[in-house]
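Asker: Single-letter residue listing:
There are 4 protein chains.
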Amino acid sequence: MKNMSFDSFKTIDIICVGRVAIDFNPNEMYRTLDKVDTFTKYLGGSPANIAVGLARLGKKVGFIGKVSDDQFGVFVTNYFSKEGIDVSQIATAKHGEMLGLTFTEISSPTESQILMYRDGVADLELSTDEISEEYIKQAKILLISGTALAASPSREACFLAIHYAQKHGTKVIFDIDYRNYTWKSKAEVGVYYAIAGKMSDIIIGSREEFELMEMLSEGNKVSNCQLADKYIASGNKIVIIKHGKKGSIAYSSDKLAYKVESFKVKLLKSFGGGDAYASSFIYGILEGWDLDKALEFGTASAAMVVASHSCSDAMKTADEIKAFIESKKDDGKVITEIDWSDEI
Amino acid sequence: MKNMSFDSFKTIDIICVGRVAIDFNPNEMYRTLDKVDTFTKYLGGSPANIAVGLARLGKKVGFIGKVSDDQFGVFVTNYFSKEGIDVSQIATAKHGEMLGLTFTEISSPTESQILMYRDGVADLELSTDEISEEYIKQAKILLISGTALAASPSREACFLAIHYAQKHGTKVIFDIDYRNYTWKSKAEVGVYYAIAGKMSDIIIGSREEFELMEMLSEGNKVSNCQLADKYIASGNKIVIIKHGKKGSIAYSSDKLAYKVESFKVKLLKSFGGGDAYASSFIYGILEGWDLDKALEFGTASAAMVVASHSCSDAMKTADEIKAFIESKKDDGKVITEIDWSDEI
Amino acid sequence: MKNMSFDSFKTIDIICVGRVAIDFNPNEMYRTLDKVDTFTKYLGGSPANIAVGLARLGKKVGFIGKVSDDQFGVFVTNYFSKEGIDVSQIATAKHGEMLGLTFTEISSPTESQILMYRDGVADLELSTDEISEEYIKQAKILLISGTALAASPSREACFLAIHYAQKHGTKVIFDIDYRNYTWKSKAEVGVYYAIAGKMSDIIIGSREEFELMEMLSEGNKVSNCQLADKYIASGNKIVIIKHGKKGSIAYSSDKLAYKVESFKVKLLKSFGGGDAYASSFIYGILEGWDLDKALEFGTASAAMVVASHSCSDAMKTADEIKAFIESKKDDGKVITEIDWSDEI
Amino acid sequence: MKNMSFDSFKTIDIICVGRVAIDFNPNEMYRTLDKVDTFTKYLGGSPANIAVGLARLGKKVGFIGKVSDDQFGVFVTNYFSKEGIDVSQIATAKHGEMLGLTFTEISSPTESQILMYRDGVADLELSTDEISEEYIKQAKILLISGTALAASPSREACFLAIHYAQKHGTKVIFDIDYRNYTWKSKAEVGVYYAIAGKMSDIIIGSREEFELMEMLSEGNKVSNCQLADKYIASGNKIVIIKHGKKGSIAYSSDKLAYKVESFKVKLLKSFGGGDAYASSFIYGILEGWDLDKALEFGTASAAMVVASHSCSDAMKTADEIKAFIESKKDDGKVITEIDWSDEI
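Chains as they are written, first to last, in our numbering: chain A, 299 to 642; chain B, 299 to 642; chain C, 299 to 642; chain D, 299 to 642.
Calculated from the structure, these hints are not laboratory results. Since this is a predicted model, take the numbers as computed values, not measurements.
The list makes no distinction among identical chains, and a pair is therefore deemed to hold if it is satisfied within one copy or across any two copies.
Pairs of lysine-lysine, DSS-like flavour, derived with a Cα cap of 25 Å:
hint : residue 1 : residue 2
1    : Lys-627   : Lys-591
2    : Lys-484   : Lys-392
3    : Lys-380   : Lys-333
4    : Lys-333   : Lys-392
5    : Lys-435   : Lys-496
6    : Lys-465   : Lys-482
7    : Lys-465   : Lys-496
8    : Lys-519   : Lys-435
9    : Lys-484   : Lys-435
10   : Lys-543   : Lys-631
11   : Lys-528   : Lys-465
12   : Lys-465   : Lys-535
13   : Lys-484   : Lys-465
14   : Lys-528   : Lys-435
15   : Lys-519   : Lys-557
16   : Lys-496   : Lys-484
17   : Lys-528   : Lys-496
18   : Lys-535   : Lys-496
19   : Lys-543   : Lys-519
20   : Lys-308   : Lys-358
21   : Lys-465   : Lys-519
22   : Lys-557   : Lys-620
Taking the hints into account, I'd like the entire structure generated from these sequences.
Answerer: Below is the structure:
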């Protein structure tokens, strides 16, 4: 990427900020949740999964967050530590806040619902006092997950973290990761997403998430490239707009646009791919790869995770992903350069 | 029991009020919770377990409570329905309240800790609007679980239910069931337990719970029979004070006192016995048995449940409990009549 | 009163518990509040007014309450101190709670409305930690104002105070003083009023307040004497049921009943009379007067206050009240003994 | 002002957003608040005072806010209406929220403290639903008061209003107006002030308020012109930094800087001047005056208000202010052009 460079003196590759949770995935699949008897416990939460993904890819990763003062909190910090992730900036909740829980109902390989415990969660209690300017200064990238903006004081902690990142030349990635939990209104979502989006260098989100951020009404005729134009005008370098099964489009500030399709794999479940995609794409960016190569890598990683039972444990190494891409070589291209105004 | 009779025109044997939750019991036992990989899901919550226990014993049982508007709420009502428990008075939470969750850490056969999710729980949102005077009027017994007094509006709903019970000759059992969650102070616990205790016909609690109710300081010299005297003076018919592994003492308003010891069994876990004890003891009371026979039946039931993996699913039928007592006949007496002032 | 005696070793005549507020009474009267330009500030709040009333009558008075940590809080404690009221048990709010404010709209001599600031008020933050058993033990009477039961933790503080009073032979007066602020539902009001009512020795309330306490539906046919019977059966000694302008009826546990009418005076405003009535009636009780004499004294005091601009500053001395009664001697009797079942 | 022009098709001169309250100013001055007996009631709240100021100066003014559903709310809307301010966008609180109250303690002509009732206030309940894009589109200027950012949902309502203003070419004035009430931390203040500051065309604040916005530590060496440079770089046209009695400095994006001193008058009280200053300065801007002339007009208006008993009622007409300036002609210049980097 010619339009994005990192200060090689910075010793941390990426700091992920926000939600870390426990996923309970059903052992008996393809039935409704009330009929599930046993569950397997995994680390979860989008920025936590991305952190694990990048650690497995060999990057130096830190995490800023807050965990419960109980055995589940211990599970999280132990898990991160074993993956080599720095846990020095993970605070422990002092007022009985709990880790969020995500019970997944896997109805079929392509359908799933989640039942979330998000009331009084520790991650949203992350406060401005727990954001270290010195720590953020050491990182090449700060990744903010949109769910961390859903409530105070986590919201202000994120804005303060972005403030420090901007001050010290740390690039900001905004992974919109919208969950309708906790937010009080759609207008609130739009207001804060737009503020965070304009403060970022890279935005990753689905078309629906961009529409939320822009407070667009349903059935609007705004094109993807108009959205990209707006954020690039306010300083963004890369804008990735996802369209679910149809793939996604990436725009860069040097006026390149790419269309990305999925690798063909046998799905076990329909979730977890996004975090794998983000972590592997960011890996490519950190490696200085061209945008198309980073996108291919992210897409491959996503394909591998949706074929597995978890979102964190299933994260792959760089060699595994390369081998997967190699094995799929004959299936046709997944990345194509397109004209700026082409739609999916 | 000569000192307790029920109106035979009442069509419901017992209505249990309060907490219904989901228990997640570890499949890998005797390790800390962070190291557990898989869990089995069960119905839980003290009054819910007692309701299941009495339904298995063939009694006509109703439940007043509130469940989440999600698949876990569906699980609860379906489970109750299959057991024959009337679910017509189980409300569904309308503001995103969730079912409480209890993750149990079984450290050893005799030690266990719990990690509870009780923030914003549906059961504590039970409100006075959801208490039907007509329903309570139909019941012989109303059982109030002390945890339902831990917060408003559930607290007021319980007091209103007791008010209706007193008005219509429905006997009130107060099962103290203290959990330190949710309560704001020890003084708050004492104040409301004492009010509920004085309004009841039967109180069941541990020595520690009676001390909380009486706001006694540690190391106090108040005897069990003094505690019993006080509540019998304010109208109670039976007072049961439990001393953990040492057994318990039961006092009745006709000045009989019994000491109860445990049956010897191989423990799998150390919890769940109390709810089995309560349900089987109440069964005896409803059958018109003498106090000692009802206590023996409760004690046997408790022994059977602590040897099993769950607290609800493991509840036994009357025949199973009778067979168990028969099988233990040669191990010696578990129930002994004692002098009023004898201590354990 | 033969049916009520006080321990002469107790050094405090009465402790009042609950609301102390600031009244802002309009200087421009008989117009709506938005058109009032200037206000005069007075001490207010029912138990605070009663405390001032009894201090002016020469009794030894204490107050348990909580005030704001600001100049209004200083005003209250200074005012009390100047009246000779003991302020040692008045706590200061530590979390920014404010004194309640009452802006009175005096539409006409017989009509008034109030605009209350009761959000986050200091008085309702009185907590169980601030209730001294030793202090209550020293008092002949503990007066609980019903508004103090409207929310936690003040509600629990009151129940704990009653618990200590019962333990040490301090008589409990429950002045229902219902205000629809703060309470969450009518059922909540009924539940807690009934609990407090049954724990008291004297209850003072309007007919509407008794109906709330008993959760009676509108248009019910329950007679005053049935209400009195019920509370006397649970231990009350005196029950006073007020009927506004029509006067009130007092019942005592020795089966005497009295009807009380108002003295004829020129009204300035329609409020404040109740607190004057209560303070002067309690004065009579403390003096050992017969019920009818105490009632006459209370009624005279009420008449004098509704002819004045404030509820606290206008409280009279015993000599002033006696002189007033003397001056009204020719207007006819205000107190009449009636049959138990006579209605107003 | 060459660097600021307004769309002459817009029919509203200015919309003020935020706090409207009731001021209770003491009639007995120069004593502590607990010793004050009577108070006079006035309209208050910084953006409300500015709205009144601009209406008195003949401008077309609208107000977006929320008032209580009681006589005080009626007082506010009636007062505004009489001043010719459009009240169509003033919502009425539906959940018992009250108007904020400000009791002022005037210790001396130069010292004053305030005792604020801000708990559960109506103005901070202004929500995004109550912000009309169509209304804001019609205005030349949108004035946001910093206190409206102190809590949700008012905070989001303001950001949405700014979003609409930016979309439709309505200039944004950010009047920092910091009050330490309601804000949870200094970091929260800094985060949101910086966001609002960067979205504005004109910022008005004290040096202390700019330091809060920039999260500067005490004793920092950042110069006023560095602060101005930063906000002008992010798009501001005018930056006014006030230094209390020492006067203030105004910077404009065309690189002019002016120093402003106070007119000499006999002070009655030390507050209210800021709102008069803002309203009269904005008047000058709307009239297309040069920066120095607008500043002089604002400064004169401030001097006239601090010599009066209220902050709203005392607002002057343009002719009165002009006459005042004329009368002070011989006292020396209050406005001086300075070098960009000169400090006060």
